[in-house]
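Participant: First to last, the protein sequences are chains A, B, C and D.
Everything in the first sequence is counted per the working numbering, starting at 11 for the first residue and increasing by one.
Everything in the second sequence is counted per the working numbering, starting at 11 for the first residue and increasing by one.
Everything in the third sequence is counted per the working numbering, starting at 3 for the first residue and increasing by one.
Everything in the fourth sequence is counted per the working numbering, starting at 3 for the first residue and increasing by one.
Treat the hints loosely; a few may be bogus.
Take a look, some chain D residues computed to stay more than 12 Å from chain B by CB distance [stated by the list, open to error]:
#, residue
1, Glu31
2, Ala38
3, Gly83
Cut-off 25 Å, straight-line C-alpha distance, at most; resulting in silico cross-link-like pairs (SDA-like, lysine to any residue) [said to hold, decoys possible]:
#, chain 1, residue 1, chain 2, residue 2
4, B, Lys161, D, Glu24
5, C, Lys28, A, Val156
6, B, Lys161, A, Glu48
7, D, Lys13, D, Glu78
8, C, Lys64, A, Ala168
9, B, Lys47, A, Asn72
10, B, Lys41, A, Glu113
11, D, Lys12, D, Glu30
12, A, Lys47, B, Ser151
13, C, Lys28, A, Tyr106
14, C, Lys15, A, Gly78
15, A, Lys41, B, Asp62
16, C, Lys15, C, Val75
17, D, Lys64, B, Gln159
18, B, Lys161, D, Val75
19, A, Lys47, B, Ala160
20, B, Lys47, A, Gly107
21, A, Lys41, B, Pro111
22, D, Lys12, D, Pro36
23, D, Lys28, B, Ala70
24, B, Lys155, D, Glu24
25, D, Lys15, D, Pro63
26, D, Lys13, D, Ile70
27, B, Lys47, A, Pro67
28, A, Lys155, C, Ala57
29, D, Lys15, B, Gly78
30, D, Lys28, D, Val75
31, A, Lys155, A, Gly65
32, C, Lys28, C, Ser11
33, D, Lys64, B, Arg170
34, D, Lys15, B, Tyr106
35, B, Lys161, D, Val65
36, D, Lys15, D, Ala38
37, C, Lys64, A, Val158
Derived by calculation from the structure, the hints in this document are not laboratory data.
Computed from a predicted structure; not experimentally measured.
Built from N, CA and C at the ideal position, the CB exists for glycine as well.
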Amino acid sequence: MSAHSRASGDAAPAIIRLQREPIAIAAAVEKLVGVRKEVGAVVTFTGICRADENGAPIAALNLEHYPGMAEAEIARHVEEAYARWPLLGVLVVHRYGRILPGEDIVLVATASSHRQAAFAAAEFLMDYLKTRAPFWKQVESADGKVWVQAKSADDTAAERWSAPPPQRDAAK
Amino acid sequence: MSAHSRASGDAAPAIIRLQREPIAIAAAVEKLVGVRKEVGAVVTFTGICRADENGAPIAALNLEHYPGMAEAEIARHVEEAYARWPLLGVLVVHRYGRILPGEDIVLVATASSHRQAAFAAAEFLMDYLKTRAPFWKQVESADGKVWVQAKSADDTAAERWSAPPPQRDAAK
Amino acid sequence: MTSGSAGQSKKIKVRYFAWVRERIGKAEEEIEAPAAIATVAELMAWLADQGEHYAYAFENPKVIRAAIDRNHVQSEARIEGAGEIAFFPPMTGG
Amino acid sequence: MTSGSAGQSKKIKVRYFAWVRERIGKAEEEIEAPAAIATVAELMAWLADQGEHYAYAFENPKVIRAAIDRNHVQSEARIEGAGEIAFFPPMTGG
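Hey, can you work out the whole structure from these sequences and the hints?
Facilitator: The structure is reproduced here in structure tokens:
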């Protein structure tokens, strides 16, 4: 399963941040790219608080998390991503607390020499954040506060990574 | 093949820019996100000029393009992406001219309500840019100037989109 | 919370999140469970018996996830040696 | 470039990119191809006959891609009515 091993003590960063503050995506990506001269591809995923949920406008999302476990769980999946793909950098920033419509919730950025690894690792990390990272969303609207239900489609998406990753040629 | 039709006259943007100048990624993404309240997911791909090619340091990349056709070809694939996935915005910026190591070459950004569409469309557009958009890279190094060879792995990557896309549930 | 039935009991730090926390009315507590309680599933069943708030929180134990010392565990997992056990609904992060 | 063989010839604007351009030594030109030239493949064969630079550029026509009026075409494509035909190596953008 571990087609690529991550050199320990290596300059390839695994930055994980949990914060209340909005995410400065540009600065985050620059940090990731600046580290290594072999970086040829950076993929970012930004999850954004939509202005409505199931057709009704929302006032805010409240993100609860399990401090300590959230960081540990994300770190385990970042290491798993490094083991699966030849990555040169990974950045995960997840907010908690009250988040307004249009604001960022989560940022995942992956850097690699070639694009396939960066895309696959970003998808992998997002699928795992959705289903395994201890965060819970509550929607605040005119009707009150309602906890968001987990989606079976998210479990299905996460399960596809249980099999060993397909071997791909390294096209940029 | 066209599971999703793009509403014409719709606010969902398809911004395509060809430029010599470095790409202001943050500003580009903000523009994409700001348009629609339903945006829940933004994926960006940034292609970066690596500092070496096949192990040897490079001085620069020279990107030649076919003006007019490049824009038209990208626009056709952006429309194809809109037809395949429920996108809320697409941004493609491709530079031409002389590009230094560490500088951006290309930016693709896709916005959608849910993450799968944004990821799939960004990969689709990158695979097509690599194989169908009329751009040619020349590496400048101490040994002189050498045109980059097309990679068969890129053709393989592009071919996987010839089949109709798999139907996925819409998990965020 | 009252301590468990007869025999040696064990003290465990328990944490609750999201609607599990809301239903129970607290984020964490130290419990004294009977020594016979060996697994996460048994602990959930015992907790469900500790009053109406607990019964409401654990009314459908199949949907409740658990972590021991910040690692996800299945309901069959043994709780012996656990420093901290957490109960929460399925995660909805990202 | 000299015009084609006997019979009515047609004027076509041709553009070259990347190493095709470098080998031929120009980025674009107007050619007069013989009326008998019907397809892209035939035009490439005819161009390859127009001097050593052309022979070098088209020495391996299978790797050369073509576009008519800014649309990719196969080598069997008919050139009748073409406003602009471009020849170039496989693309390496992105």
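Participant: Is the hinted pair Lys12 of chain D and Pro36 of chain D satisfied, with a Cα-Cα distance of at most 25 Å?
Facilitator: Holds. Lys12 of chain D to Pro36 of chain D sits at ~6 Å (cutoff 25 Å).
Participant: Taking 25 Å as the top limit, are the C-alpha atoms of Lys64 of chain C and Ala168 of chain A close enough?
Facilitator: Status holds; Cα separation ~20 Å.
Participant: Just to be careful, I want the Cα atoms of Lys41 of chain B and Glu113 of chain A compared with a cutoff of 25 Å; is the pair within it?
Facilitator: holds (14 Å)
Participant: Below or equal to 25 Å on CA atoms is what counts here, so check Lys15 of chain D against Gly78 of chain B.
Facilitator: Measuring from Cα to Cα gives roughly 15 Å; hence the hint holds.
Participant: Is the straight-line distance between the alpha-carbon of Lys64 of chain D and that of Arg170 of chain B 25 Å or less?
Facilitator: holds (23 Å)
Participant: For the pair supplied as a hint, Lys15 of chain C and Val75 of chain C, confirm whether the alpha-carbon distance does not exceed 25 Å.
Facilitator: Roughly 16 Å between the alpha carbons, so the hint for Lys15 of chain C and Val75 of chain C holds.
Participant: Take a quick look at whether Lys41 of chain A and Asp62 of chain B sit within 25 Å of each other, Cα to Cα.
Facilitator: The given pair, whose Cα atoms are some 20 Å apart, holds under the 25 Å limit.
Participant: Does the structure keep Lys47 of chain A and Ala160 of chain B at a Cα separation of 25 Å or less?
Facilitator: holds (22 Å)
Participant: Lys155 of chain B and Glu24 of chain D were given as a pair; does the straight-line alpha-carbon distance stay at or below 25 Å?
Facilitator: holds (12 Å)
Participant: Are the Cα atoms of Lys64 of chain D and Gln159 of chain B separated by 25 Å or less?
Facilitator: holds (15 Å)
Participant: Taking the shortest Cβ-to-Cβ distance between Glu31 of chain D and chain B, state whether it exceeds 12 Å.
Facilitator: holds (16 Å)
Participant: Lys47 of chain A and Ser151 of chain B: Cα distance at most 25 Å?
Facilitator: holds (15 Å)
Against the hints set out earlier in the document, no violation occurs for any number.
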